[in-house]
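K.L.:
Taken in order, these protein sequences are the chains called A and B. Letter 26 of the first sequence, counting from 1, is numbered 26 in this note's numbering, and no numbers are missing. Letter 108 of the second sequence, counting from 1, is numbered 108 in this note's numbering, and no numbers are missing.
Hints should not be assumed to be uniformly reliable.
Identical copies go unnamed one by one, so any copy, or any two together, can satisfy a pair.
[Claimed, not checked] The list that follows gives simulated cross-link-like pairs (lysine-lysine, BS3-like), each with its CA atoms no further than 30 Å apart: (1) K324 x K213; (2) K25 x K4; (3) K44 x K17; (4) K4 x K169; (5) K4 x K100; (6) K213 x K4; (7) K243 x K44; (8) K243 x K4; (9) K213 x K25; (10) K44 x K100; (11) K324 x K169; (12) K88 x K324.
Calculated directly from the structure, the hints in this document are not laboratory data.
Protein chains: 2
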Amino acid sequence: MTGKIRLGIVGYGNLGKGAELAIAKNPDMELVAVFTRREPAAVKINTENARVLPVSRAEEMAAEIDVMVLCGGSATDLPEQGPMLAGKFNTVDSFDTHAKIPEYYARMDAAASAAHKVSIISIGWDPGLFSLNRMLAEAFLPAGRQYTFWGRGVSQGHSDAIRRIPGVKYGIQYTIPVAEALERVRSGENPVLTVRDRHIRDCYVVAEPGTDKEEIARTIRSMPHYFAEYETRVTFVTEEEFKRVHTATPHGGCVIHSGNTGACGEHKQLFEFSLKLDSNPEFTAGVLVAYARAACRLYREGQYGAKTIFDVPPAFVSPWPADKLRRELL
Amino acid sequence: MTGKIRLGIVGYGNLGKGAELAIAKNPDMELVAVFTRREPAAVKINTENARVLPVSRAEEMAAEIDVMVLCGGSATDLPEQGPMLAGKFNTVDSFDTHAKIPEYYARMDAAASAAHKVSIISIGWDPGLFSLNRMLAEAFLPAGRQYTFWGRGVSQGHSDAIRRIPGVKYGIQYTIPVAEALERVRSGENPVLTVRDRHIRDCYVVAEPGTDKEEIARTIRSMPHYFAEYETRVTFVTEEEFKRVHTATPHGGCVIHSGNTGACGEHKQLFEFSLKLDSNPEFTAGVLVAYARAACRLYREGQYGAKTIFDVPPAFVSPWPADKLRRELL
Numbered sequence: 001m002t003g004k005i006r007l008g009i010v011g012y013g014n015l016g017k018g019a020e021l022a023i024a025k026n027p028d029m030e031l032v033a034v035f036t037r038r039e040p041a042a043v044k045i046n047t048e049n050a051r052v053l054p055v056s057r058a059e060e061m062a063a064e065i066d067v068m069v070l071c072g073g074s075a076t077d078l079p080e081q082g083p084m085l086a087g088k089f090n091t092v093d094s095f096d097t098h099a100k101i102p103e104y105y106a107r108m109d110a111a112a113s114a115a116h117k118v119s120i121i122s123i124g125w126d127p128g129l130f131s132l133n134r135m136l137a138e139a140f141l142p143a144g145r146q147y148t149f150w151g152r153g154v155s156q157g158h159s160d161a162i163r164r165i166p167g168v169k170y171g172i173q174y175t176i177p178v179a180e181a182l183e184r185v186r187s188g189e190n191p192v193l194t195v196r197d198r199h200i201r202d203c204y205v206v207a208e209p210g211t212d213k214e215e216i217a218r219t220i221r222s223m224p225h226y227f228a229e230y231e232t233r234v235t236f237v238t239e240e241e242f243k244r245v246h247t248a249t250p251h252g253g254c255v256i257h258s259g260n261t262g263a264c265g266e267h268k269q270l271f272e273f274s275l276k277l278d279s280n281p282e283f284t285a286g287v288l289v290a291y292a293r294a295a296c297r298l299y300r301e302g303q304y305g306a307k308t309i310f311d312v313p314p315a316f317v318s319p320w321p322a323d324k325l326r327r328e329l330l
Numbered sequence: 001m002t003g004k005i006r007l008g009i010v011g012y013g014n015l016g017k018g019a020e021l022a023i024a025k026n027p028d029m030e031l032v033a034v035f036t037r038r039e040p041a042a043v044k045i046n047t048e049n050a051r052v053l054p055v056s057r058a059e060e061m062a063a064e065i066d067v068m069v070l071c072g073g074s075a076t077d078l079p080e081q082g083p084m085l086a087g088k089f090n091t092v093d094s095f096d097t098h099a100k101i102p103e104y105y106a107r108m109d110a111a112a113s114a115a116h117k118v119s120i121i122s123i124g125w126d127p128g129l130f131s132l133n134r135m136l137a138e139a140f141l142p143a144g145r146q147y148t149f150w151g152r153g154v155s156q157g158h159s160d161a162i163r164r165i166p167g168v169k170y171g172i173q174y175t176i177p178v179a180e181a182l183e184r185v186r187s188g189e190n191p192v193l194t195v196r197d198r199h200i201r202d203c204y205v206v207a208e209p210g211t212d213k214e215e216i217a218r219t220i221r222s223m224p225h226y227f228a229e230y231e232t233r234v235t236f237v238t239e240e241e242f243k244r245v246h247t248a249t250p251h252g253g254c255v256i257h258s259g260n261t262g263a264c265g266e267h268k269q270l271f272e273f274s275l276k277l278d279s280n281p282e283f284t285a286g287v288l289v290a291y292a293r294a295a296c297r298l299y300r301e302g303q304y305g306a307k308t309i310f311d312v313p314p315a316f317v318s319p320w321p322a323d324k325l326r327r328e329l330l
């Protein structure tokens, strides 16, 4: 019994690896085990004394783990693993399919409530920190307009869409905010902006030998929902260049709330939260792991059920005691 | 019984007037009374049906007010009024003397706990939203360096210091962040910055006729703690120009946390929260009033004692129900 918060990681992709790094930076935490759907022997982790186990054996570890950090994807992993594990463990996850959050919340809440466990869902930066700032700004400046810009950064969904096109060997898409639109918003002008006004989609593609590049570019640019509504740039690069330049996972963006106060709304009040991340999964993992700490505290207080970033007292994410927070950070 | 949150305002200076405007923008709130130390008949407010009463009669209104919004100053008003009113009402205030927060917290906590009321202290943007962002960033990116820049904006303390100099008729001081320092921080360079590296102090003064302007400028520039450590600019203006240009109360600033992640700290992660406010008191009042809503909710949940921005579940500041928050802002 070390007194540390004992964590498990489910899924050892980029996010899971980021969570392992983040746990190592927090002296009040320890990684107990990584759970994988791959052959455990084939998964090499970096933490001494932590085990690698199949997800199917997670339940055996219920007494040894305070919080499970769910690092699977939102498309198929979390909808299945989330409610299953929420019935056995406190959990934290980064479920990010915005349209399906209410349904996912309901399922997680049912499982966690029945088990008297805490599940904090949809943690990260969007959903997550961006959501928090949207909510706070809206409450402080009810007369105002809100904008979210993403990028410059890699959109996994759009990159996947490119890679599904026949003849594409490698593909990546960077979402880029339109500088002029950002400037207008930051000036307090409160412009009405279409989807196209706000973001450019910048694609880099390695074509299979002998394929028609023009045809690939046309297919990308005309893809509804993903690209057709945007200014979409397509650049073909060599495999060598792709692997050298386009394998990082930068991202970021900002939430801007442009409000007005005063008897006649004569005062502009600009509220902005922004992130510029060299590694999206490592930052997201840092947020997840801090909210794992919060899950542990909520559970120890006797709370249970599904929670979001809106529900968690901020102090619970910090390792610092309340009096130190008041003295040094307030 | 309207079901609205019934608020009182204590102190009708710039912040109190801002609170009145903010309450009018929130349909779930109503202003019941303004309490003043001046002659009530001499105080003209803008809310129909709200009363103006002497602070000394606040206690009579205990049954009619859910939360008192304390809009007095931190130097003398709040240390006296805060603990007195916290024993009778739920309160929210903007106590901002950083060094005295632990002591103020202890006194407010004792009074509020004894009365089973909630007092949320030190709300606004610094302390307040800046504190919240410092704490969150520190928790998410434990390997990192943190910076706070203020301005461009009016510092009340520095303006008061100028006005105390003999021969000064009017005076105002703008705190200006050094652009080059901001740029270095935003680049992820993590520079070590002295007080002088970060802010310029820009002063505008109207001198009494016949006084030695050089002497006034020298006195300002050599004032320890306030100006001596900084690049301080002093400009003399006419009374007419002063009243035309220098009576607004803009402010703002930013908290930047420049973190590193990755096995060797190779990934820069920049976290920034910034405000650009035409009216500092009106924005601060908007935050105060939203936290008055939170005080009311905490009280109805059965909580009591002094709280800070770190302790309040963010959802409590919003008028929206939890399912709407999840659906529309998460």
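K.L.:
Indicate, hint by hint, whether the structure satisfies it.
P.N.:
Here is what the structure says about each hint:
1. For the homomeric pair K324 and K213, neither the shortest alpha-carbon distance inside one copy (60 Å) nor that between copies (45 Å) is at most 30 Å.
2. In this assembly of identical chains, the alpha carbons of K25 and K4 lie at most 30 Å apart only when taken from the same copy (13 Å versus 46 Å across copies).
3. Taking the closest pair of Cα atoms, K44 and K17 come within 30 Å of each other only inside a single copy of the chain (11 Å); across copies the shortest separation is 62 Å, beyond that limit.
4. Within a single copy, K4 and K169 get their C-alpha atoms no closer than 45 Å, and across copies no closer than 61 Å, so neither meets the 30 Å cut-off.
5. In this homomeric assembly, K4 and K100 never come within 30 Å of each other (Cα to Cα): the closest approach is 34 Å inside a single copy and 33 Å across copies.
6. In this assembly of identical chains, K213 and K4 lie within 30 Å of each other by CA distance neither inside one copy nor across copies; the values are 55 Å within and 63 Å between.
7. For the homomeric pair K243 and K44, the shortest alpha-carbon distance inside one copy (23 Å) is at most 30 Å, but the shortest distance between copies (70 Å) is not.
8. For a Cα distance limit of 30 Å, the shortest separation of K243 from K4 qualifies neither inside one copy, at 40 Å, nor across copies, at 60 Å.
9. For the identical chains of this complex, K213 and K25 are neighbours neither inside a copy (46 Å) nor across copies (56 Å), given an alpha-carbon limit of 30 Å.
10. In this homomeric assembly, K44 and K100 never come within 30 Å of each other (Cα to Cα): the closest approach is 33 Å inside a single copy and 51 Å across copies.
11. In the homo-oligomer, the alpha carbons of K324 and K169 never lie at most 30 Å apart, since the shortest distance is 53 Å inside one protomer and 42 Å across protomers.
12. For the identical chains of this complex, K88 and K324 are inter-copy neighbours only, at 28 Å across copies versus 34 Å inside a copy, given an alpha-carbon limit of 30 Å.
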